[in-house]
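Fit chain B to the known structure of chain A by using the hints.
Residue numbers (my numbering), protein chains in the order written: chain A, 1 to 144; chain B, 1 to 144.
These are computed hints drawn from the structure, not numbers from a lab. Please note: incorrect hints may appear among the correct ones.
Listed next, the in silico EDC-like pairs over lysine to aspartate or glutamate satisfying Cα-Cα at most 20 Å (straight line) [as the list claims (entries may be wrong)]:
#: 1; chain 1: A; residue 1: Lys129; chain 2: B; residue 2: Glu130
#: 2; chain 1: B; residue 1: Lys134; chain 2: A; residue 2: Glu131
#: 3; chain 1: A; residue 1: Lys129; chain 2: A; residue 2: Asp6
#: 4; chain 1: A; residue 1: Lys124; chain 2: A; residue 2: Asp6
#: 5; chain 1: A; residue 1: Lys124; chain 2: A; residue 2: Glu139
#: 6; chain 1: A; residue 1: Lys124; chain 2: A; residue 2: Glu8
#: 7; chain 1: B; residue 1: Lys134; chain 2: A; residue 2: Glu128
#: 8; chain 1: A; residue 1: Lys129; chain 2: A; residue 2: Glu8
#: 9; chain 1: B; residue 1: Lys134; chain 2: A; residue 2: Glu52
#: 10; chain 1: B; residue 1: Lys134; chain 2: B; residue 2: Glu124
#: 11; chain 1: B; residue 1: Lys134; chain 2: A; residue 2: Glu8
#: 12; chain 1: A; residue 1: Lys129; chain 2: A; residue 2: Glu52
#: 13; chain 1: A; residue 1: Lys124; chain 2: B; residue 2: Glu130
#: 14; chain 1: B; residue 1: Lys134; chain 2: B; residue 2: Glu98
This structure is a prediction, so every number in the text was calculated from the model and none was measured.
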Amino acid sequence: MELSFDLERAGRFSLRLDREGAPAASRTLLEQAPLSVVLCHSIFSGEALEGELPVAFPPVERPAWFGIAPGSVGIETSGGGRARLVLVYGPTFQYRHALAPLGAPLHLIGRLEGDLQALFRGGKQYQEKGEGSVRLGREGEHRG
Amino acid sequence: MGDLTISFGRGAALPLRLFEAEAVRNAAALSDALPVTGMARHCSWSGEGIFWTVEGLSVNQENLRRVAISPGTLCIEHYPAGVRVPGPWTALLLVYGERFWFKNPFTPTCTLALLGRVEAGPAELRAIGERIHKSGIEAVTVHR
Chain A
1 MELSFDLERA GRFSLRLDRE GAPAASRTLL EQAPLSVVLC HSIFSGEALE GELPVAFPPV
61 ERPAWFGIAP GSVGIETSGG GRARLVLVYG PTFQYRHALA PLGAPLHLIG RLEGDLQALF
121 RGGKQYQEKG EGSVRLGREG EHRG
Chain B
1 MGDLTISFGR GAALPLRLFE AEAVRNAAAL SDALPVTGMA RHCSWSGEGI FWTVEGLSVN
61 QENLRRVAIS PGTLCIEHYP AGVRVPGPWT ALLLVYGERF WFKNPFTPTC TLALLGRVEA
121 GPAELRAIGE RIHKSGIEAV TVHR
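Same shape as in the complex, but just chain B:
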């Protein structure tokens, strides 16, 4: 699937390695959908993470995790139709710090699927997350 990059509008481009062995179908779906663009915003309940909604990305129930998700992990957060909004809701979510706790650990209808990991140091990751918290939403693109 080749090397991917996540680029942020205010600066920074992070190499992304997909979990091709553990998340076979989701990794393939993201690769097929590239480039994926969005507006990244900070989590309001889950702590140190940023997310951006995506449309049309097929989501598969594989490599699911609800706790102990380490900084640098890229996930797909998904709610079926009627749970969060009338239609299905899907977002890419990047954990940037140790203080991340998925807000819905006990709700089986919403899922968090681990998709890949960005190759970045903790300081660089934290700088991006805190920048979005303090300065507001920021354009983001996942691309080759």
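Just chain A, same shape as in the assembly:
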């Protein structure tokens, strides 16, 4: 199952959800689509974009701390129960909780498909130009 993933500063991608590894989180995200999220550049983890989601997410299904590749999309639920969308855009990403034994893992929910070089270039723009939005929609739906 895919969601369209329109990044204001990087273009359009498809988000292929990991329905087997993260079924509940995938279902939650699908139920919320279409959805807009304001993304800012990460200030602790390097080459990633982050933004607050308007809904709570289920407990950890597919945790990860290390070796998270560009194009990966995850949910971070630390910080008072709020959920944050995390999009990894570059190879030097180091998840901020990787060295904290009690730190919250990143719940991986899927991967972007498309031009990852364009994603890298666009990701850098969030540090240069500031925050920007991403719109998630069901593939094939009308986008006005």
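Just chain B, lined up with the frame of chain A:
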């Protein structure tokens, strides 16, 4: 060396007091190089800090610190040639919040030298840092 000021392009001018006793040579080098201009951007790994690269500033290994750097502290971040980029890389870095952790605490080749402190309240400092995070890079000048 007289009173110095850090001016930001979108507004705000913060008085800067150099650590002339603890950072004798670096304080003198900065004073000799004034005005120092750059484009401030938000840290991507170290948290609540902003930095701008400077060229031609001589850097001395004095008043070094890697942890427990308080908001309002101005530092020189330096990498010798070949570590970060082919040539040496130097930046001025201003810590604006409590959540600042230098990204390379265990790498002896890169250094953070404490240089001075801006005279500003925590709210004013945070407003500048968060503005650069949300709105993107901003011109900055250190001058008399």
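Checked hints:
1. A:Lys129 <-> B:Glu130: holds (13 Å)
2. B:Lys134 <-> A:Glu131: holds (5 Å)
3. A:Lys129 <-> A:Asp6: Answer holds: A:Lys129 to A:Asp6 is near 17 Å, not above 20 Å.
4. A:Lys124 <-> A:Asp6: holds (16 Å)
5. A:Lys124 <-> A:Glu139: violated (26 Å)
6. A:Lys124 <-> A:Glu8: holds (12 Å)
7. B:Lys134 <-> A:Glu128: With a Cα-Cα distance of about 10 Å, the restraint between B:Lys134 and A:Glu128 holds, given a limit of 20 Å.
8. A:Lys129 <-> A:Glu8: holds (11 Å)
9. B:Lys134 <-> A:Glu52: holds (14 Å)
10. B:Lys134 <-> B:Glu124: Holds: B:Lys134 and B:Glu124 sit about 15 Å apart, inside 20 Å.
11. B:Lys134 <-> A:Glu8: holds (14 Å)
12. A:Lys129 <-> A:Glu52: holds (19 Å)
13. A:Lys124 <-> B:Glu130: holds (17 Å)
14. B:Lys134 <-> B:Glu98: holds (18 Å)
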